[in-house]
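A.B. asks: Start from the sequences, fold in the hints, and give me the full structure.
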Amino acid sequence: MLNVGKIEEGFVLDHIKAGRSLSIYHYLGLDRLDCPVAIIKNARSDVMGKKDILKVECSIDALDLDVLAFLDHDITVNVIKNGEIVEKKTLPLPKEIRGVIHCSNPRCITSVERGLPHIFYLADEEKGTYRCRYCDERFHETDASVKY
Amino acid sequence: MRHLLSPEDFTVQELDQLFDLAADIESNMGRYAHVCDGRILATCFYEPSTRTRLSFESAMHRLGGSVLGFADASNSSASKGESVADTIRVVSCYSDICAIRHPKEGAAAVAAQFSRIPVINAGDGGHQHPTQTLTDLLTIRSLKGRLSELSIGLCGDLKFGRTVHSLIHAMSRYANIRFYFISPPELRVPDYITDKLREMNIPFEEVIRLEDVLGDLDLLYMTRVQKERFFNEEDYIRLKDFYILDEEKMRLAREDMQILHPLPRVNEISVELDKDPRAAYFRQVQYGVYVRMALIMTLLSLKAE
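Top to bottom, those sequences are chains A and B.
All the letters of the first sequence, read from the start, carry residue numbers 1 to 148 under the numbering used here.
All the letters of the second sequence, read from the start, carry residue numbers 1001 to 1305 under the numbering used here.
There could be a bad hint or two in this list.
[Unchecked claim] Derived pair list, reagent style PhoX-like, types lysine-lysine, alpha-carbon separation capped at 25 Å: (1) K55/A to K89/A; (2) K127/A to K81/A; (3) K95/A to K1196/B; (4) K127/A to K1275/B; (5) K1240/B to K1159/B; (6) K127/A to K1227/B; (7) K81/A to K41/A; (8) K1227/B to K1159/B; (9) K1196/B to K1159/B.
Everything labelled a hint here was simulated from the structure, so no lab data went into it.
C.D. replies: As structure tokens, then:
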């Protein structure tokens, strides 16, 4: 079993789908932060078989975790202070996603307008449906990929 | 500052006020002849649309204002590669209000985001055409005396027809509306719209034959199958003359049923019906001018003396 030391303050992102930790790492901008990060790939999991884990030692205000729920519903966020878990966060779906996913509608203005951020709004919270702010096209995971 | 990007940008109460103003304009045109003295409307049309553009220009001229703009993208800086955001920033310096038509969906929303003046969406691809919807609602209210308690048939291209989609959304906000969707299977209303109607418990029926429901309708909204919405010309040719409304079919309709059409018409309404008192599509064009006059006044917060 691989052991990674405890962190004093920061986050442990657990139950990441195996193989997706690097994507999450890039999306959260961890490559731009000057803080210790442990990326654990393919850790054994009773429930998931294999999973990824990210341990981030940083101020708990340093990261915007809102979009995690959209990227992966099953991620557990443990908030660490003084070496202890002080909160297990369940993340609601963000009302708006900006610059993460792209509209796949070839008739959408975002396909031709320079410098326009791709923005999606939460159209149906129950079904987790997101629509493009400009053309109202529904986001399908198969149509577009997360862009970094 | 307000814009009109979608018919839902206005509440039902605000629409009532807008239609009251349009009705007053219809009755007292002279009172409004100088409301927009010294004001300029920009018409930025990136794709040709004679009717909508002329309707806006007529509305502004009838209010005493002036108009500038371009009628297709090849005459504008867009042909040199200018973005919508830059164009509207420039147009904001030249005019007081802008009507924009663009082939890309969401273009008017981008314009509104960067504009210093009110923006009116005059059609953004297959997405929204709110002033057509306002025209349709004013026509229905004027001819039927109400916007509730109506059985509405929509016939033709219900898949790509943005006027149809907008009208369904807009009419869904009124009480006791029943829809009849009449189309070939290939041009049915998109699922997201029928799903929404089910959620809202608004009754609707989908049929292929116009004759099956014609006698049940208070209004029949005919549409043209639009060539520019098809990627495949064969499909267009196969579907373009699927419905033709003529005198024989109209014998099945009620005496007080009204025929609406966003125009231009091709073959879907026989010209012999133009003299039928139930043919309301040219009156609809006139209501389009009144409602655009009311809209310009509303967005510029102007009142008649």
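A.B. asks: Taking the hints in turn, state whether each one holds.
C.D. replies: Hint-by-hint comparison with the structure:
Restraint check for K55/A and K89/A: satisfied, since their Cα atoms lie roughly 15 Å apart, inside the 25 Å limit. The straight-line distance between the Cα atoms of K127/A and K81/A is roughly 34 Å, outside the 25 Å bound, and the hint therefore fails. Distance restraint check for K95/A and K1196/B: the Cα-Cα separation of roughly 20 Å lies within the 25 Å cut-off, and the hinted pair is therefore satisfied. Restraint check for K127/A and K1275/B: the C-alpha separation of about 50 Å exceeds 25 Å, so the hint is violated.
With a C-alpha separation of about 13 Å, the suggested pair K1240/B and K1159/B falls inside the 25 Å cut-off, and the hint holds. For a cut-off of 25 Å, the pair hint linking K127/A to K1227/B is broken: about 35 Å separates their Cα positions. A hinted pair counts as satisfied when its Cα atoms are at most 25 Å apart, and K81/A with K41/A qualifies at roughly 24 Å. A C-alpha spacing of about 13 Å is found between K1227/B and K1159/B, which places the hinted pair at or below 25 Å, so the restraint holds.
The hinted pair formed by K1196/B and K1159/B meets the criterion: a straight-line CA distance of about 15 Å does not exceed 25 Å.
Going through the hint list in order, the structure does not satisfy hints 2, 4, 6.
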